[in-house]
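Protein chains: 2
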Amino acid sequence: MSLNYRIDNLQYANWSEKIFKQMRDGKVDAVHVTIVYHENFREMVAEIEKWNSYFERFPKLIFHGKYAEDVKLARETDRTAIFFGFQNPSPIEDDIGLVEICHSLGVRFMQLTYNNQSLLATGCYEAEDPGVTRMGREVIEEMNRVGLVVDMSHSAERSTLDAIDISSRPIAITHANPAFWHPAKRNKSNEVLKALAAKGGMLGLSLYPHHLKDGSDCTLESFCQMVADTADLMGVENVGLGSDLCQDQPDSVVEWMRVGRWTKKIDYGEGSKDNAGFPPMPTWFEDNRHFGNIEAGLKQHGFNEADCAAVMGMNWLNFYEKNFVPEK
Amino acid sequence: MSLNYRIDNLQYANWSEKIFKQMRDGKVDAVHVTIVYHENFREMVAEIEKWNSYFERFPKLIFHGKYAEDVKLARETDRTAIFFGFQNPSPIEDDIGLVEICHSLGVRFMQLTYNNQSLLATGCYEAEDPGVTRMGREVIEEMNRVGLVVDMSHSAERSTLDAIDISSRPIAITHANPAFWHPAKRNKSNEVLKALAAKGGMLGLSLYPHHLKDGSDCTLESFCQMVADTADLMGVENVGLGSDLCQDQPDSVVEWMRVGRWTKKIDYGEGSKDNAGFPPMPTWFEDNRHFGNIEAGLKQHGFNEADCAAVMGMNWLNFYEKNFVPEK
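Going down the list, the sequences are from chains A and B. If you're matching positions, the first sequence starts at 1 in the working numbering and goes up one per residue. If you're matching positions, the second sequence starts at 1001 in the working numbering and goes up one per residue.
Excised from the complex, chain A in its bound form (with noise of 0.2 Å):
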């Protein structure tokens, strides 16, 4: 059996059958999908039922991914393994019920906060951090039971730091750089990457430019440098890909994501006034049929055969393995 898996842990196209088609190009074995940033309950089904009206339309190209077997049954079929996750919790409202119920439904990462204060912790856009709340340790402990995902990407440092001390499991950070390397609100301090290796959790590196040094501009070897840099840093059996992929989005698309419902006005989140859209890509990541480019620019870089599927695929497996299953 193949040991070189390529997983995608974390992108939000306009989803179509030209990106479907993409990820084959790419041999992309698996993909962990946004489905929704502010929506309810009710809100987050009907983009479940938008998937599965794909899932139908494209069984030759795409399947929904439940366990890590399913990585598995994509190689071997040829199609991609499509995982479900949440950038916010408001699908699971006040109601602790529902967070059976969305693992249930196939979701398999949540993010305890987007940008803002949410029932369970603090985002990185408040300007002060409590730390995760009291509704967001129950919910910490029903996600860790029925073997949901905790997401800390968009959160605070405080919140992360508590996430990851009071999760009995390996929590992850499914896209976002290093601080080190670009010093951007929404990457992270050694102290959070460091505390989230030493209980086995993955840090997904980003290739969405905001996230990168020089943005747009990144080099290859630049990347590279990091992900290096970030394997020395917390082992590299704790970090993988989630490139933040918002391929064919209308701007109308990334307006919804800050500001959803929660005010009146235009927030640019990590944005401004003069670059309020989605950034161009980096012309050796445009698109799912890249994936080659980073593995090749991995060796290059000195990576071997066995630390470079670590990183572009075999990390989130073995992650995928141990954390999506009910507790023991």
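Take every hint as true, because none was put in to throw you off.
DMTMM-like mimics (lysine to aspartate or glutamate), calculated; alpha carbons at most 25 Å apart, straight line:
no.: 1; chain 1: B; residue 1: Lys-1194; chain 2: B; residue 2: Glu-1128
no.: 2; chain 1: B; residue 1: Lys-1050; chain 2: A; residue 2: Glu-49
no.: 3; chain 1: A; residue 1: Lys-72; chain 2: B; residue 2: Glu-1069
Pulled a few chain B residues facing chain A out of the computed Cβ check, cut under 8 Å:
no.: 4; residue: Phe-1041
no.: 5; residue: Arg-1042
no.: 6; residue: Ile-1048
no.: 7; residue: Glu-1049
no.: 8; residue: Asn-1052
no.: 9; residue: Glu-1100
no.: 10; residue: Ser-1104
no.: 11; residue: Gly-1106
It should be emphasised that the hints constitute simulated quantities derived from the structure, not laboratory data. On a predicted model such as this, the values are computed, not experimentally measured, just so you know. Beta carbons: idealized from backbone N, C-alpha and C, even for Gly.
On the provided structure of chain A, position chain B as indicated by the hints.
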């Protein structure tokens, strides 16, 4: 492996540890439980949340059954597998995409109607029965695709014949008796029963007094004679149990079942003003501990081992094996 599983294909009790223990005492391997009558999607999800909390509190007695294998697992682990069903299609609202969502949540039976006209078909208390509707045809096809069984227990004659005809997979009448034995509005004509059996469908025989000859005073001998006569009519392989046990329910619940939110008046359904509540069960079938009485009664009546095992559970198990999985 034992070939005499006990399956009750319809109960709606006021669930408690006492009842789950009685299921074990009665060696009941699987029960199809009604989780909603008139609830909408979100209210239905809240009912599953309640069941999840029972599964968490009583893991040594019950668990959520999803496929036929779970009946065998139940036997091996000395527990009862609980299968979910709806007595009304209200949880799918007007949204066909919710059929697959409900199947993902573990729902395995859905009545196209309760007593009234629904969006899909006609209930047995309507004056007119125009048959399966436009949406009903679409929903039956979708239920066939995903493996959600059409149940016509409370439906009117023409709608039931339509559903049997339209469905590409066998359907079920989970809880009713033949009208030839007791001509109640809820009991079924020979024409329906023969059409049901001709397509491989199942009839779950009811122990609910309003469906029994002589009501609460029905004798075990009379019941067993009816089972034999029904097996002669339909083939013994198409007959099982669906007791309709409504144990420990307050009479307010039968009012919700009958009245829902569709009228401001009182509707007595199968009861009457003088007999509005739940009628007392026959002394030989008061709760789950009494399944042995039925088994003994059938043997006493002359059923051989194989036919007795077929009626007590094997027929439902075979039906689960074929009909809970997606269409190939």
